[in-house]
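Enquirer: Letter by letter, the chains look like this.
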Amino acid sequence: MAIKRRTVITAATLALPAIRGASAQAAKTITFGGSIPLSGGAAETGLNVNNGYKTAVQFINEQGGVEIGGTRYKLDLKLFDDASDPSRAVNLIQRQLDDGVDFFLGSFGSNIVLPTAAVTERAEKPMVQAGGGSDQIFGQGYKYVFGMFPRATRQFRSTAAFIKTLMPPVQNYSVIFTNDAFSKTAAQGVMAAMKDQGIPMLESYSFPETITDASSVLASIRAKTPEALVCMTHDQDNLLIAKQMIATGTNVNLLFQGLGPQLGSFRETLGKSANGIYFQTYWDERAPLKDRFFGTPKDFAAYYRKNNSRPIAYHVSAGAACIVTYIEAMMAAKSIDPVKVRDALATIDVNTQYARIKFTEQGDGDPVIMGPWVGQVVGGAPEVIAPANAKTASYTYPTPPWSQRS
Amino acid sequence: MLALQTIADGLVLGGLYALSAVGFSLIFGVMGVVNLSHGALVMVGAYLAWFFWHALGLDPLVTIPVVMLCLGAFGYVYQRGLIQLAVDRSSHVASMLVTFGVALMLRNTLVLVFSPDLRSITPSYSGHPLLLGGIVIDPVRLAALGASLVLLGALALILNRSRMGRVIRATAQQELAARLCGVNAHHVYGLTFAVAAAFAGAAGAILGIVLPFSPPDEGLWTMNAFVVVTLGGVGSPQGALLGGLLLGVMATGTSQLIGPAFPNAMMFAVLVAMLLIRPSGLLGNAFAGSR
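For the protein sequence lines, the chains are A and B, in the order given.
All residue numbers for the first sequence refer to my numbering, where the first residue is 6 and numbers rise by one.
All residue numbers for the second sequence refer to my numbering, where the first residue is 3 and numbers rise by one.
Excised from the complex, chain A in its bound form:
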């Protein structure tokens, strides 16, 4: 029987709604919205967080998605470049709320996370983030905001306890910070933690948000000679301080830099001088952890490296953990209703390749369970030196002068 062209067109027209319905059913997705700094001052770490988000979504989708409450979902990311600009980030988040996005991931930098969290909180949509640790984020009474790090004032406790164990004992210290939401509160945390350990402070140095020259502060440090120098400043500032310390022969027994030494570019720039710098880290691919999606941190790192040329950093792992934590909460809630997911996030206690995830009542990471490890650059690589159960290398203290490092 010959099939007329009109018959084919009619059949296709009748079948179209059914085809559309079927494809809509097959393509059920959970969309995660948010902004991320892919350009501007925070872009270096912003890219790492973004790669973590993307890696988790890609991996889970490759496994066929996730089943939540009997329905299978694929994951989708709707992240836009906020150019490290808080006001731009707020506009982007508001637009996504207007578009009906229910779940948000955080940007990088407390100065961006803080205003965007206020917007998502007001809309009663959860935000899980790996980019903001300022106490201001977790001190507002927010119910829908969760962070992968303890609040800034709690981040130095484990490091201060470690410093207390060093021999010969550290007699005093000085601290450098910049005048921004994270750095300032982190420095307050350093002062409180060191006070608890009975280590007196010699001087605190407050810089504007961006440091372009630290020569006068370093002259003061050479004159007062603290045994430990704690820099709670950002990557670029820490690199500048370290470079100027090397160039002016400013030596201390212990140099701690919260951000920077974890990055390959930082260590490459300083070369052998980077050896001995202390830092803190939240993740190491040799850590004895496991999650239901990726397996061990080593498995996660291998998958990441297979799909990315950019070096892995702990922010990548933390970003991926945001997605995994969301999925775990949705599975526990058996729902993708934002309020139910929020309730599940508030009580979650689950292992991931990043860390065991458990939030405080205020939404930041539990300081004991999710607190940082102490690290030191050894042989050009970042190593964990404390606590003992995560240790990957022995530490050096006092650190040799810059000119004698090898």
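The hints are simulated quantities; they were obtained by calculation from the structure and are not laboratory data.
Remember, predicted model here, so these are calculated numbers, not experimental data.
For every residue, glycine included, the Cβ atom is placed at its ideal position computed from N, Cα and C.
Misleading hints may appear alongside valid ones.
Distance windows between CB atoms, simulated [to be verified]:
{"no.": "1", "chain 1": "A", "residue 1": "A386", "chain 2": "B", "residue 2": "L60", "range": "24 to 34 Å"}
{"no.": "2", "chain 1": "A", "residue 1": "T401", "chain 2": "B", "residue 2": "H130", "range": "19 to 29 Å"}
{"no.": "3", "chain 1": "B", "residue 1": "L277", "chain 2": "A", "residue 2": "G203", "range": "47 to 57 Å"}
Add chain B to chain A, keeping to what the hints say.
Expert: Below, chain B without anything else, positioned relative to chain A:
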């Protein structure tokens, strides 16, 4: 001794500020254009120097001529192709907006090409501090200051002693008269922009040795140039040198005496004071006499 150290640190820092601002000063003085892409040109220079150092192992001080040549050529095309068009068809305000747009494009191009990651140039002679009578000097910064002084001196010679310099000064002072004498003013403006861009590139190469950098830093260097020019005066290397050295000593002095949080506040307080008391800067506008 701490006071001497602070002054020495300030002078070394000031040399960098001076070199990074001289191009901005020249364009503003000769063409009346506020070049908001100046910091971006400095950053392009830094990235070019980093590329030569990273890929070919060439010292940034050696590659300065190549960087200047690249930026100079770019500057000429940029001025003739964009800025002159904006000035001819609209106004100097339009040209300022054009430079702002170009700054954004250059910044994002650098992010695309080099990534937003921090870069820094570490030559072999870095990390060996010099001790001069109890004062610690970073040899890299000293080399940078030396290079800045040599380049600023060369620019002063070009502007004051060469034919090109005379033509630039003549066009800046009386464009119409210069045209009547047969000067191609558009070509001269292009050349001025090329010289300014070349010096911005040289400043970038030197800054790359001293400071870690990433594309967003361009805004900072445009702002610094603006303050230096306001302090020292428009249009001359001498004005930029004076403004830069003053700014450097002021930054380290404020940091030492009041606190490291206050150099920016002091810088803007002085900026406001200068605009109220002596708007043309300490050395005045080099080309203002016949305007």
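Enquirer: Which hint numbers doesn't this structure obey?
Expert: none
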